[in-house]
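S.K.: In case you want the letters, here they are:
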Amino acid sequence: MTSLSGERIEYRTQVLWSLIIVFVVLAILIGRLFMLQVVRGEQLETLARVSHVVREPIPAARGTIRDRNGEILAVDVEVSDLMVVPRYVKDARGEVGLLRDLGVLDAAQAEDLIRRIEETGAGPKGFQWLLARPNLVGALCPYDQERMTFDPSRGRLVCTACGREFQDQRAVVQSRLHELPGFSLRTRTARHYPARDLAAHVVGIVNEVGAGEVRRSEGRLKPGDLVGRSGIERALDDALRGRPGENVFVRGAGGERLDPKGLPPPFNELESFPPRRGQDVTLSLDLSLQKAARDALSRHRSGAVVVMDVDSGEVLALYSHPAFDPEPAVLRGNSGSVTGVDAILSPLVNKAVTPYPPGSVFKMVTAVAALMEGQADAKTRIECRGVLEYKKRLFRCHQRSGHGEIGIVEAIAASCDVFFYTLADALGLDTLAHYARDYFGLGEFTGIEIPERRGVIPTARWYGRLGRPPYQPGFALNVSVGQGDVRVTPLALARAYAALVNGGRLLRPRLVRPVGDAPAGTERTVAPEVTRVLDLPPAVVRLVMAGLHDAVNTEEGTAYPARIKGLRFAGKTGTAQAPETRPGADEKTAAWLKEDHAWFVAYAPSRRPRVVVVVFVEHGGFGGQVAAPVARQVIEAYYAEHADEFADLWEDFDAEPILDIVPEVP
Amino acid sequence: MSRPWGGGASRWWTGPQTAARRPSTAVFVALVALLVLVVVGLMNLRNAALYASESFHQTQVLWVVIGLVLAAAVALMDLRLFERLTPFFYWGGVVLLVAVLLFGREVNNARRWMAIGGVAFQPSEFIKPALVLMLARFFHAERSPERYTLRTLMRPMGLVALPAGLILIEPDLGTALVVIAVGFSVMFFEGIRLRSFLILLGTILLLLPIAWRLDLIQPYQKERVRVWLAMSTTQPEGRKKLDKGMQPEQALWAVGSGRVTGKGGLKGVQSRLKVLPEMHTDFILATFAEERGFVGCVFLFVLYGVLFASLLMVAVQARERFGVLVSVGAVAIVFWQLVFNAGMVLGLFPVVGLTMPFLSYGGSATISSLFAVGLALNAGLHRGQV
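Protein chains in written order, with this note's numbering: chain A, -12 to 653; chain B, 364 to 749.
Keep in mind the hints are simulated off the structure, nothing from the lab.
From a predicted model like this one, the values you see are computed outputs, not experimental measurements.
Wrong hints could be hidden among the right ones.
Per the computed footprint, the stretches of chain B lying under chain A, defined by three or more beta-carbons under 8 Å from a beta-carbon of chain A, are [stated by the list, open to error]:
(1) 392 to 403
(2) 451 to 465
(3) 667 to 680
(4) 701 to 707
So these bits of chain A aren't anywhere near chain B, every CB distance computed over 12 Å [stated by the list, open to error]:
(5) 29
(6) 32
(7) 35
(8) 58
(9) 111
(10) 142
(11) 159
(12) 234
(13) 288
(14) 360
(15) 364
(16) 373
(17) 443
(18) 516
(19) 525
(20) 629
Glycine included, each C-beta is placed from N, C-alpha and C at the ideal position.
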């Protein structure tokens, strides 16, 4: 029988062990407290003053974009906005009245602001920032964003570029802020495009990142950052953006700012670093040629011009018409924005890199293919009676009366369709496509830096798939004159014609000059990037170039009215049938959409060519009448700009026969 | 003369106190220690409340009063009543734990709270004393002359594992750990074979990494472990935590900045600025340590030590195995709660989310701790009854 005392004895060992465990564990806790409070106490007490680490980003300026002559195309400018927190405003009428008296707001703006302050001030959004007046006049002229200097005698700012006078609103507001409770100034960066619509498609635009992009960027982007959305701004976004700096400090428990250096680790290892400015970019673009292109196209509704250096592949002008104004609304101010562009003309589409049916400018490819394949030579003569019957279908020449019996040079010059129909029948569709694509790179991406679209070069296999019509033998005839399903971009044509006249080097067109290059003026020093070298015998090139020369410079030529006497240029006209309908088109527009596309691809001068000029006028009509004069205007601008380099050429340009000017294949 | 358990049932109810069986000194020591702890806790909580510009310390006074009345009632009651009701307590508690998983209020992604008749409480607080009673009843009935082995401990281990598992699902890792620790304490006290104990311990240590791999441990719990590991090293990973997730680290700073003598009442910087979340509940020790310093903390832990030691002395005064084990289990509840909480605040364990007995604010926790002490004192107040 277990007694009471027996029970106690039974548990003695356990009680002893329990007490030992209790005291050992409590001793460990006290030991830990000794470590924390006595040994590390001083260090931890310093740390306890810390509330949190603050990391202030310092924005990095975005790189400036310039043209080849150093003209600024895109640059960061600082903009000061007047902000207001409605709930902190003491006397809305008095304060806004003061701003009006200071010349910061006009009467209408003042009334509107009072209304907005009173409306939101009482509501739940009363503590949120309200934009009282964007873009106060400060260091930059509101008209052209050029620097302004302060004229002390009149106490006003004077623009160094346009000479307009302004009151320094930013300084005035700054000095009176103490009388304006609730108001404050905010400085931010805006992207300024001094060339406005002139280079809009090439340079592109920026805008603020969306929340989703910030998440996906893994810390690379922060809310409020500007990112490139199109053109060079987008293509070179990473290089242009730079890297923001960071100002790191430690906020103390009392809200005070603590220097990390005076704190124990790990805080003393926190370091601020300065922002790294984005890289500046120099483009190959020549703003004066760009302007010539715009002026020449301004008579027409829609179109594009590409000017490319035939030796380096540098794009000197790439203009799509109509253009848009890339300037952010806040900077536009009173300077008259480019608005009222009909959306039906697709002002946002870069037509220089959009594929269209090329019409007769494609005949250069057909001619080269026939000469290379032995289907034609210098002695080939074909009779044109204005129409060709092929498998019970009639294929008409643009000249209904016919060209009579002609050779290949006259056929190119006069753009005889029957001549090329005949060759196409012998060549077949796939051979034509082979030369167009594998030789001249049509239907391929050119590799230019900005986003581009690819054309279409149909083959027999291309048809009958994906809902396309089945292949018919007559398609080769259509394709040979640039009709049917061929689609090429003006830029791709520039590259193809450059390869013909530069000794067979198919180049990658480039807009960006190598990084680190200072604006190179008008020098032609950039090494070309050769996509591939074409095996074009000089005899073939001579024949085609003779045809292209005669197209402009003989009376039979389709572009004879656009010729330049003296320093001649050569080229090929194109008139492509492309009737279409667009939703929302009015009667006049609908009629315009039925017109043919007008094309002209020129190189100049006709001997030792330096540039290729491609003109595309959407639904413009006859290439020779509409597109060729545009090209002529652009070429004249090019000649004028490079007059000194051409001085010796002017002397005896006609002394050498045309067919001896073909450069050797390197 | 004494008889085995269950012999003179009727006399257990109303037996008169005789002079020879007055409460021992240990009971008085325990009572004094408890009352001092409660007063220290209330004073400390008043300061914590002032830092937060709130007045929850007044509510706490109410909880303490309710808890003390309950503790006195439990201490004076005849344990026999509890013995009979033990299965109802235990299984009722288990049912409540299941119910809280199904119908409980979700707070911070965990279902721990349940409202009955407008009063919110945590069933996991209720199951702790119920489990102690259940284990005590088992060992009392199944007493074995040998030391227990794994096989003979199967049933009590199941009794522990059932509520522990349910609490883990809520999830409330801290309370589950306390339940397991309390279960082990009672088994250990009853005498478990060393080899069996080591096997059990080894199995648990082996299961931990497996549970980690199989994602049985919640992501936020893993994060807490990572923060804890980063905190105790000076590796770069630890520094990345500087900007956020600093609660445990800031608790350390607050404790350390108390130095030897403490900052004094209402001078705690970390606490005053509400930098520390949960500073009046789980992290109350940080507030105390910052204000009272090392000296104050030693005093506090010595008080706890005195309380536990005296309650253990009281426990073995019970005249029956059931009473002894109930008292020991009750002490274990308070002891492990304290150890896990202090270990967490002092950075010895990852954050587990437990309150500090007698110091933390909270109705369920305060009443449950005082109730446990009442259970433990019961043995000392009934030692003489036959």
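S.K.: Please confirm whether residue 443/A is truly not at the interface, meaning its C-beta sits more than 12 Å away from all C-beta atoms of chain B.
M.R.: holds, 53 Å
S.K.: At least three residues with a C-beta closer than 8 Å to a C-beta of chain A: is that true for the segment 701 to 707 of chain B?
M.R.: holds (count 3)
S.K.: May I ask you to check that residue 364/A keeps its beta-carbon over 12 Å from the closest beta-carbon of chain B?
M.R.: holds, 76 Å
S.K.: Hey, is residue 32/A genuinely clear of chain B, shortest beta carbon separation above 12 Å?
M.R.: Not fine: 4 Å to the nearest Cβ puts residue 32/A too close to chain B.
S.K.: According to the definition I'm using, a residue is off the interface if its beta carbon is farther than 12 Å from all beta carbons of the partner; does residue 29/A meet that for chain B?
M.R.: Violated, because the least Cβ-Cβ distance between residue 29/A and chain B comes to about 7 Å, which does not exceed 12 Å.
S.K.: Far enough from chain B: is every CB of that chain over 12 Å from the CB of residue 142/A?
M.R.: Check passes; 48 Å lies beyond 12 Å.
S.K.: Are all beta-carbon distances from residue 360/A to chain B longer than 12 Å?
M.R.: Residue 360/A clear of chain B: closest Cβ-Cβ about 68 Å, beyond 12 Å.
S.K.: Would you say residue 58/A is clear of chain B, with no C-beta pair closer than or equal to 12 Å?
M.R.: Since the minimum Cβ distance to chain B is about 45 Å, residue 58/A lies beyond 12 Å and the statement holds.
S.K.: According to a criterion of three or more residues whose C-beta lies within less than 8 Å of a C-beta of chain A, is the segment 667 to 680 of chain B covered?
M.R.: holds (count 9)
S.K.: Is the Cβ of residue 288/A farther than 12 Å from every Cβ of chain B?
M.R.: At about 57 Å from chain B, residue 288/A clears the 12 Å cut-off, so the statement holds.
S.K.: With d taken as the least Cβ-Cβ distance between residue 35/A and chain B, does d exceed 12 Å?
M.R.: It is violated; residue 35/A is separated from chain B by about 4 Å at its closest Cβ, not greater than 12 Å.
S.K.: Confirm or reject the statement that residue 525/A sits farther than 12 Å, beta carbon to beta carbon, from all of chain B.
M.R.: holds, 67 Å
Consistency note: the structure conflicts with the earlier hints numbered 1, 2, 5, 6 and 7.
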